[in-house]
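Just so you know, the protein sequences line up as chains P and E, in that order. The first sequence runs 2 to 156 under the numbering used here. The second sequence runs 64 to 726 under the numbering used here.
Check the hints yourself; a few may be wrong.
Unchecked claim - Not everything, but these chain P residues come out facing chain E in the computed CB check (under 8 Å):
id, residue
1, P26
2, R47
3, V50
4, D81
5, T106
6, T112
7, L116
8, R127
Read the hints as simulated data drawn from the structure, not as lab findings. All residues carry an ideal CB built from backbone N, CA and C; glycine is no exception.
This is what each chain is made of:
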Amino acid sequence: MVRRLVLAVALAAGLGGTAAHAVEPSERLADPALEVRARALSQELRCLVCQNQSIDESNADLAHDLRVLLRQRLAAGDTDRQVLDYVVARYGVFVLLDPPFAPVTYLLWLTPPMLVLGAGIFLVLRARRRRSDPEPPALSEEEHARAALLLGERG
Amino acid sequence: MLIEIGHFALVLALLVALVQGVVPLVGASVRSRPLMDLARHAALLQFGLVALAFAVFMHAHIVSDFSVRNVFENSNTAKPMLYKVSGVWGSHEGSMMLWVLMLTLFGGLVAALGRSLPAGLRARALAIQGLLGFGTLAFIIGTSNPFDRLIPAPIDGRDLNPLLQDPGLAFHPPFLYFGYVGFSITYSFAIAALIEGRIGAAWARWVRPWALTAWCGLTIGIAMGSWWAYYVLGWGGWWYWDPVENASFMPWLLGTALLHSAAVVEKRETLQRWTVLLAILTFGMSLIGTFLVRSGVLTSVHSFAVDPTRGVFILVLIALVIGGGLLLYALRAPGLETGNPFAPVSREGAVVLNNLLLCAGMATVFLGTFYPLFAEVWSGVKLSVGPQFFDATFVPILAPGIIAMVIGPVLAWRRGKLMASIRRLSPALIGALLAPIVVFAIDRAAPPAALAGIALAVWAMLGVMTDLADRSGLAKQPAATTWRRLRHLPRGTWGYAIAHFGVGVLITGITVSTAWRSERIETLHPGDTVEIAGRTLRLAGVTEGDVANYHAQRAQIVVERPDGAPMTLYPERRWYPVARSQTTNTAIATNGLGDLYLALGDPDGQGGWVLRAYYNPLVPWIWFGAILAALGGLVSLSDRRLRLRLPAARTSAAITPTGSADN
Chain P
2 MVRRLVLAVA
12 LAAGLGGTAA
22 HAVEPSERLA
32 DPALEVRARA
42 LSQELRCLVC
52 QNQSIDESNA
62 DLAHDLRVLL
72 RQRLAAGDTD
82 RQVLDYVVAR
92 YGVFVLLDPP
102 FAPVTYLLWL
112 TPPMLVLGAG
122 IFLVLRARRR
132 RSDPEPPALS
142 EEEHARAALL
152 LGERG
Chain E
64 MLIEIGHFAL
74 VLALLVALVQ
84 GVVPLVGASV
94 RSRPLMDLAR
104 HAALLQFGLV
114 ALAFAVFMHA
124 HIVSDFSVRN
134 VFENSNTAKP
144 MLYKVSGVWG
154 SHEGSMMLWV
164 LMLTLFGGLV
174 AALGRSLPAG
184 LRARALAIQG
194 LLGFGTLAFI
204 IGTSNPFDRL
214 IPAPIDGRDL
224 NPLLQDPGLA
234 FHPPFLYFGY
244 VGFSITYSFA
254 IAALIEGRIG
264 AAWARWVRPW
274 ALTAWCGLTI
284 GIAMGSWWAY
294 YVLGWGGWWY
304 WDPVENASFM
314 PWLLGTALLH
324 SAAVVEKRET
334 LQRWTVLLAI
344 LTFGMSLIGT
354 FLVRSGVLTS
364 VHSFAVDPTR
374 GVFILVLIAL
384 VIGGGLLLYA
394 LRAPGLETGN
404 PFAPVSREGA
414 VVLNNLLLCA
424 GMATVFLGTF
434 YPLFAEVWSG
444 VKLSVGPQFF
454 DATFVPILAP
464 GIIAMVIGPV
474 LAWRRGKLMA
484 SIRRLSPALI
494 GALLAPIVVF
504 AIDRAAPPAA
514 LAGIALAVWA
524 MLGVMTDLAD
534 RSGLAKQPAA
544 TTWRRLRHLP
554 RGTWGYAIAH
564 FGVGVLITGI
574 TVSTAWRSER
584 IETLHPGDTV
594 EIAGRTLRLA
604 GVTEGDVANY
614 HAQRAQIVVE
624 RPDGAPMTLY
634 PERRWYPVAR
644 SQTTNTAIAT
654 NGLGDLYLAL
664 GDPDGQGGWV
674 LRAYYNPLVP
684 WIWFGAILAA
694 LGGLVSLSDR
704 RLRLRLPAAR
714 TSAAITPTGS
724 ADN
């Protein structure tokens, strides 16, 4: 596939800019610790008008607004959880790039460990079955001699 | 007129494909040699016709024949020639043409190179290949005709999406498609084996080289695509877990499993059924990857519903190919020969483990990619599944695979000794345990995940080197003997060593560039400076001008390092007026150990410009590693081809008891 063609087309089709232009210097918070939290949070929030980009990576206007919004919440003293809840309350769970563990995502989060578990059980069962297989009969003296001959100096 | 010839050739190819798909199957079941041999001629003819159509289509793009709708929609007279050529596969119609060209090329290759194959197997495999060609050609002619005319012809075209006007993107689709479509051969052979009800020695010897060939193409294609994303998207990321990326990654994961199990089939005559199943699923994933991205269903269920013709056609095609394959498998696989037994701890066992992990990883990627779609259909909830999900699930699933990847090749076939093998690998084990401690001593803030990544990477790289040293008797034998043994190691062994070492290099690149990248985003006025990773960047100025089909704003950044002469980098913003689109052209200075990565942002309206500067340590190793892996595949392939040409010599060498005792 022309990778990201869909992205490219969607963007060219009217969403304006293409390349990710992320956080702007003017948006940054003065407190470095808060700014670090803001960056981490903005990597978890989806730019809703973009094709699969976080607001940290996107230069769309909406991403800019969200970046400013979450910084305002942080500056007002919200915890990370409160900021995310605040954004989800307004934009829906779609905005979270890291899907929460909820009934609708049980299948999503539980399948991978189940797969590993299944693979493990498969291997154990297989090993058991093999163990119950009879060992090949030991070689006789004569066969040992022939094997040694065939293997030559490798023996 | 030329366009009509191309169109006609395409329709003719469709008919030839139908004949190729039906007659040899009948011929093989009634054992009629002429009917079976028809497959070879039909495959070559089909390739010739599609190649003709493709050449005509490409010609239309090169001469900018805007009476062809596709050229009008995707080209422009001012577009540089390079992109007039690559624009051929830049659109939906064109990429389907490239797909079918590759498909018929592979069919033609089997016809041309497969003289030594049993006639029945060859006829059946080519017939399946013909049916695949028929399906794809019907899709192209029915829903995505590249030769649609526009009468009257417009004066000029709309231009290609500027993001696609880039050398990295221009030339990665052919590799990617080579990989995707290459797996059609293993699929066709798998189906042919199921129809025949047996997997002979010829089957095993044929499937592995084709799986390897396709895998090499796919590896290079994905690496190029990721490199493109890295330098084009302007913030230094190189993998996004984007559905379009996952679409190419899923067949790669299964293809990797396939080429390992195919090697076991060839060498040990075991795992045959599993390999047949993998061959079906791998090509199935290629199809899902290509077509579901094409149909737009991934972008949104709604865009799919607006124009369902293509999507429905694709779904039917996928259902036939995968469903038909699996149905045949369920019916016929129990009748296939069972393989030679092996103990759980053995080289075969390690391949089984690697296959299971790769499949589980693939299933995880599949789930993450399609879950939002399922969730929306079932519950109406719109969800996002971002990189966090894949990092939390895919990475832990694959990590044990990396550990096993080093031990597997050291284990004996059939029955291995785990502790003895690990003891043989003790230098690698010691290195893997020491490396993170050293790193932690240097940087106390190193994240645990990075330390684990370093340990895995060192384990992979030292593991291969320890194995090679062991095989060559290093330090136990005179240097001359070691050297001679190294040179006489089979190409397949070298291939494995290079590829597995490449995986270690890749993990190093991923780990280090993720954990230790630095970033500065500042507004600079001409003359201002900013420091990053020990370098001083100074904005000398920004110039503007019209170039080819775009308007450029070009910053001149002087980079001063404490050691070495200053250098100048030119990050750029481009405005494509015809396509009405803005792109960023990053400037990257690399020394192989790290990239200084500059992207020019927006002007602030007061003479200042936003500059994004990143220093990404060891990031080039990601692509070195991928290239090494592909190179390993090619080296291994060269081994196979020699053996394929000389089956007689191979047999005689195999029964000479004292021959090549060193191996």
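Structure-based check of each hint:
The criterion of a C-beta within 8 Å of any C-beta in chain E is met by P:P26, whose closest approach is roughly 5 Å, and the hint holds. Because the smallest distance between the Cβ of P:R47 and any Cβ of chain E comes to about 5 Å, under 8 Å, the interface hint for this residue holds. Residue-level restraint check for P:V50 is violated (minimum Cβ-Cβ distance to chain E is 12 Å; threshold 8 Å). Annotation: interface hint on P:D81 violated; nearest CB of chain E at approximately 14 Å, more than 8 Å.
Of the supplied interface hints, the one on P:T106 holds, with its beta-carbon coming within about 7 Å of a beta-carbon of chain E, less than 8 Å. Checking P:T112 against chain E by beta carbon gives a least distance of about 5 Å; that is within 8 Å, so the hint holds. Among the interface hints, the one on P:L116 holds; its C-beta lies about 4 Å from the nearest C-beta in chain E, closer than the 8 Å criterion. Hint status for P:R127 relative to chain E: holds, with the closest Cβ pair at about 7 Å, below 8 Å.
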